[in-house]
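2 protein chains.
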Amino acid sequence: MAQKPSIPKGTRDFSPTEMVRRNYIFDTIKSVFQLYGYLPIETPAMENLSTLLGKYGEEGDKLLFRILNSGDYLNKIPKEKFQSRWLSGPSTSEISPFISEKGLRYDLTVPFARYVVQHRNDITFPFKRYQIQPVWRSDRPQKGRYREFYQCDVDVIGSDSLLNEVEQIQIIDEVFKELGIKVSIKINNRKILYGIAEVTGETDKFKDITTAIDKLDKIGINGVTPELQAKGISNDTIYKLMSILDSGPDRVSLSQFYDILKNSEIGMKGVNEIQTILGYCDDLLISNEIRFVPILARGLNYYTGTIIEVTANDVKMGSLCGGGRYDNLTGIFGLPNVSGMGVSFGADRIYDVMLEKNLFPKDTQETTQVMFVNFGEKEQKYCLPLVHQLRSSGINAELFPESAKLKKQMNYANNKNIPFVVLVGDNEMEGDYLTVKNMNSGEQKQMSLEEIIGQF
Amino acid sequence: MAQKPSIPKGTRDFSPTEMVRRNYIFDTIKSVFQLYGYLPIETPAMENLSTLLGKYGEEGDKLLFRILNSGDYLNKIPKEKFQSRWLSGPSTSEISPFISEKGLRYDLTVPFARYVVQHRNDITFPFKRYQIQPVWRSDRPQKGRYREFYQCDVDVIGSDSLLNEVEQIQIIDEVFKELGIKVSIKINNRKILYGIAEVTGETDKFKDITTAIDKLDKIGINGVTPELQAKGISNDTIYKLMSILDSGPDRVSLSQFYDILKNSEIGMKGVNEIQTILGYCDDLLISNEIRFVPILARGLNYYTGTIIEVTANDVKMGSLCGGGRYDNLTGIFGLPNVSGMGVSFGADRIYDVMLEKNLFPKDTQETTQVMFVNFGEKEQKYCLPLVHQLRSSGINAELFPESAKLKKQMNYANNKNIPFVVLVGDNEMEGDYLTVKNMNSGEQKQMSLEEIIGQF
Numbered sequence: 053m054a055q056k057p058s059i060p061k062g063t064r065d066f067s068p069t070e071m072v073r074r075n076y077i078f079d080t081i082k083s084v085f086q087l088y089g090y091l092p093i094e095t096p097a098m099e100n101l102s103t104l105l106g107k108y109g110e111e112g113d114k115l116l117f118r119i120l121n122s123g124d125y126l127n128k129i130p131k132e133k134f135q136s137r138w139l140s141g142p143s144t145s146e147i148s149p150f151i152s153e154k155g156l157r158y159d160l161t162v163p164f165a166r167y168v169v170q171h172r173n174d175i176t177f178p179f180k181r182y183q184i185q186p187v188w189r190s191d192r193p194q195k196g197r198y199r200e201f202y203q204c205d206v207d208v209i210g211s212d213s214l215l216n217e218v219e220q221i222q223i224i225d226e227v228f229k230e231l232g233i234k235v236s237i238k239i240n241n242r243k244i245l246y247g248i249a250e251v252t253g254e255t256d257k258f259k260d261i262t263t264a265i266d267k268l269d270k271i272g273i274n275g276v277t278p279e280l281q282a283k284g285i286s287n288d289t290i291y292k293l294m295s296i297l298d299s300g301p302d303r304v305s306l307s308q309f310y311d312i313l314k315n316s317e318i319g320m321k322g323v324n325e326i327q328t329i330l331g332y333c334d335d336l337l338i339s340n341e342i343r344f345v346p347i348l349a350r351g352l353n354y355y356t357g358t359i360i361e362v363t364a365n366d367v368k369m370g371s372l373c374g375g376g377r378y379d380n381l382t383g384i385f386g387l388p389n390v391s392g393m394g395v396s397f398g399a400d401r402i403y404d405v406m407l408e409k410n411l412f413p414k415d416t417q418e419t420t421q422v423m424f425v426n427f428g429e430k431e432q433k434y435c436l437p438l439v440h441q442l443r444s445s446g447i448n449a450e451l452f453p454e455s456a457k458l459k460k461q462m463n464y465a466n467n468k469n470i471p472f473v474v475l476v477g478d479n480e481m482e483g484d485y486l487t488v489k490n491m492n493s494g495e496q497k498q499m500s501l502e503e504i505i506g507q508f
Numbered sequence: 053m054a055q056k057p058s059i060p061k062g063t064r065d066f067s068p069t070e071m072v073r074r075n076y077i078f079d080t081i082k083s084v085f086q087l088y089g090y091l092p093i094e095t096p097a098m099e100n101l102s103t104l105l106g107k108y109g110e111e112g113d114k115l116l117f118r119i120l121n122s123g124d125y126l127n128k129i130p131k132e133k134f135q136s137r138w139l140s141g142p143s144t145s146e147i148s149p150f151i152s153e154k155g156l157r158y159d160l161t162v163p164f165a166r167y168v169v170q171h172r173n174d175i176t177f178p179f180k181r182y183q184i185q186p187v188w189r190s191d192r193p194q195k196g197r198y199r200e201f202y203q204c205d206v207d208v209i210g211s212d213s214l215l216n217e218v219e220q221i222q223i224i225d226e227v228f229k230e231l232g233i234k235v236s237i238k239i240n241n242r243k244i245l246y247g248i249a250e251v252t253g254e255t256d257k258f259k260d261i262t263t264a265i266d267k268l269d270k271i272g273i274n275g276v277t278p279e280l281q282a283k284g285i286s287n288d289t290i291y292k293l294m295s296i297l298d299s300g301p302d303r304v305s306l307s308q309f310y311d312i313l314k315n316s317e318i319g320m321k322g323v324n325e326i327q328t329i330l331g332y333c334d335d336l337l338i339s340n341e342i343r344f345v346p347i348l349a350r351g352l353n354y355y356t357g358t359i360i361e362v363t364a365n366d367v368k369m370g371s372l373c374g375g376g377r378y379d380n381l382t383g384i385f386g387l388p389n390v391s392g393m394g395v396s397f398g399a400d401r402i403y404d405v406m407l408e409k410n411l412f413p414k415d416t417q418e419t420t421q422v423m424f425v426n427f428g429e430k431e432q433k434y435c436l437p438l439v440h441q442l443r444s445s446g447i448n449a450e451l452f453p454e455s456a457k458l459k460k461q462m463n464y465a466n467n468k469n470i471p472f473v474v475l476v477g478d479n480e481m482e483g484d485y486l487t488v489k490n491m492n493s494g495e496q497k498q499m500s501l502e503e504i505i506g507q508f
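Here the protein sequences come in this chain order: A and B.
With positions in the first sequence counted from 1, the corresponding number in the working numbering is that position plus 52.
With positions in the second sequence counted from 1, the corresponding number in the working numbering is that position plus 52.
Hints in this document: simulated from the structure, not taken from any laboratory.
Heads up, a few of these hints could be off.
No farther apart than 20 Å at their CA atoms in a straight line, the calculated lysine-lysine pairs in the PhoX-like style are these [claimed, not checked]: (1) A:Lys56 <-> B:Lys107; (2) A:Lys82 <-> B:Lys82; (3) A:Lys128 <-> B:Lys114; (4) A:Lys114 <-> B:Lys82; (5) B:Lys82 <-> A:Lys468; (6) B:Lys468 <-> A:Lys82; (7) A:Lys460 <-> A:Lys489; (8) B:Lys321 <-> A:Lys107.
Between the sequences and the hints, there should be enough to build the whole structure, so can you do that?
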């Protein structure tokens, strides 16, 4: 017998049960995006490598899945390369450009920037779009980390108004309210981080400081200090930095930063932005907790203003959603100075939280609601129009396709979680009624088709 | 300035307008699938090449997109290969297995068969699943043929009852009725084709005959005859074949085949199957035309019984949907003798027909329904809670994010096809009413928020 087939490591099949739950998450997110006027786009799974390379750092370039060129691709490699390979080289990185020109998308942000630049003449700005598609990374697979996973991104581009930040916080609040997950929305501003670098006299080390601050939450001051020292930052400055940040999230209130950053124009701008956003959020009665967290940094370099991260309150899990403002994302493709703001929802983690907290709804309109047992040819003919009538009333219904043993048919209904099973034999056909079994209660009663329809 | 970015040839971006239309098609198809008790699954974009290779014929193998292995893949090629390359070889096909182990899925059928075998212990049979995902083929791109496109497959596996055929014909009928496309459903049976080969004494040439019959519609008897001759089929037999089929679709009625195939047991089985299916379809009042077409053959080799193809009645276009019964699809993965029946809807062609016939609905719940003009900070604060109230009533609404010139804001609403624009200035705030402009009629009137909500 053939070997049992398998799928590439780090990828997954989704069963009907999983799909129904995942669709519940996607549909909830989508409908909130739409309530706020965002519209869907889709981009191809494959992008030119020239679009992808150099956008995710050296590490990211390595994690790209590359597509082999079609046809006799080896012929495109100059012969000398093979000669040198015979002796010692060439390296894989020397050969790759000759045999691969396309890669699978690594995120939805870079393809979105590419889309905006490519179609700029057809787009009305501000452009509010959402995009829900899989991305691929050849990361080492581990628990909760996959090589293929979905991202749900919502972005507005072409407007620097802080109302966009407010709107996306509303979206976050509403999505998690609808899903039943209690979250904390953490907010900071890259301008505040830059201000901190400025008042400590280290603006040229802004990137290193940001990277270190980003790790404070995980490895603490003792872990971060040697990293900063290694980057050539003086102990004096590290002390200053930590006295600003050491008390951890929340303990340093926003108002103190008006004082701390008073000598940094850009820092003050950041503080004012957060103040404005939080003011609007108060007016709009955001139901989840929202807090200013000065040690929130977020890894990605393209953020220039507001940054946001969302974590579940009572489940230990990484962030469920995150994003921020970028002032020049499309610049890499030749369209500079277009400001945007976007956040991304992590469907896999949201799924895990909902499963752990048992938050998925019991009822779903996606699965079969009524199954007719099949007792034979005569009964089939009698039942088919009835099944059809249920469907015409919008009820998902099926007739078991063969007159198998009753036990097999009931097992099928059970395994598929079908709530109602209809049994039609001679008595029912003569008496013009249906026997309906409620699969949850086990109760069985005689009903008309209209009564069944009335139940839904 | 940087070069304008682009996407790989044969792939597409989908704009919001296109997405809303495509979603309309997908949602319609999905909801019909669900009405009939089919449930969604998803499989990974990447499959092991061992799963894909050899399943689509030699031509298909060439059209697979292959993924380069991660890391230093060149190191895995034995050194001798490079030596021989320096001299003359190796060929690309010799090198490929060393540097690539994964490919992008080519269709949804093979991954489905793989899924069923891999998860057979968790599946309750008959297993009714649908799957709507993109597939990739490195075909030469041309009008209407893409390298990335969606397939919408619906299959039941683990039941050989003809009720499954009937059910899928109902699904086809309902999908196209809902989309507003008038179609012809053509039906034939591979057993009838085998019967024809049998009564003409050429069962060993069954494949060649099927391939030739498949082309009758396009190139006619004069085109097909030399092909059959080249395969070593006698002129006598060709004459016999053509006298069975030459009158073209429909002219030879099903009842004649009871006579033509009376000496072929398997052929008679095919005729009986079609008779049964058509009988059920009559009872169930299928609204689109359904006809027996003896020259319908379909290219794929795995079909063993019923075959179906659907074409639009008043648009010139290839088939919009097709499929059939297969008795041993999972056999290639080590699970023999599991019969299934499935059809696949071609979303791209359906899209083109609907666009040509102007069948997309004008109204959609996906786009913004009400936009508030932004006249400045005071007005923003006043409007935000009103916008929020609309959203709470399920109405897609947005406030323009900045107080740009009125003309720019109205243009935005126009381009986004937003039907209602709300204007709130000093008068409105003092008078506690809203000025609402109907963007279709141009009419402007004073309304309360409740009146606006009442409109939807």
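Here's how the hints hold up against the structure:
1. Simply put, A:Lys56 and B:Lys107 have alpha-carbon atoms about 16 Å apart, close enough for the 20 Å limit, and the pair holds.
2. At roughly 17 Å between alpha-carbon atoms, A:Lys82 and B:Lys82 fall within 20 Å of each other, so this suggested pair holds.
3. At roughly 17 Å between alpha-carbon atoms, A:Lys128 and B:Lys114 fall within 20 Å of each other, so this suggested pair holds.
4. Taking the CA atoms of A:Lys114 and B:Lys82, the gap is near 38 Å; set against the 20 Å cutoff, the hint is violated.
5. At roughly 18 Å between alpha-carbon atoms, B:Lys82 and A:Lys468 fall within 20 Å of each other, so this suggested pair holds.
6. A threshold of 20 Å between alpha carbons decides the hint, and for B:Lys468 with A:Lys82 the separation of about 18 Å falls inside it, so the pair holds.
7. Taking the CA atoms of A:Lys460 and A:Lys489, the gap is about 16 Å. The hint holds against a cut of 20 Å.
8. Distance hint between B:Lys321 and A:Lys107 is unfulfilled; the C-alpha atoms sit about 61 Å from each other, more than 20 Å.
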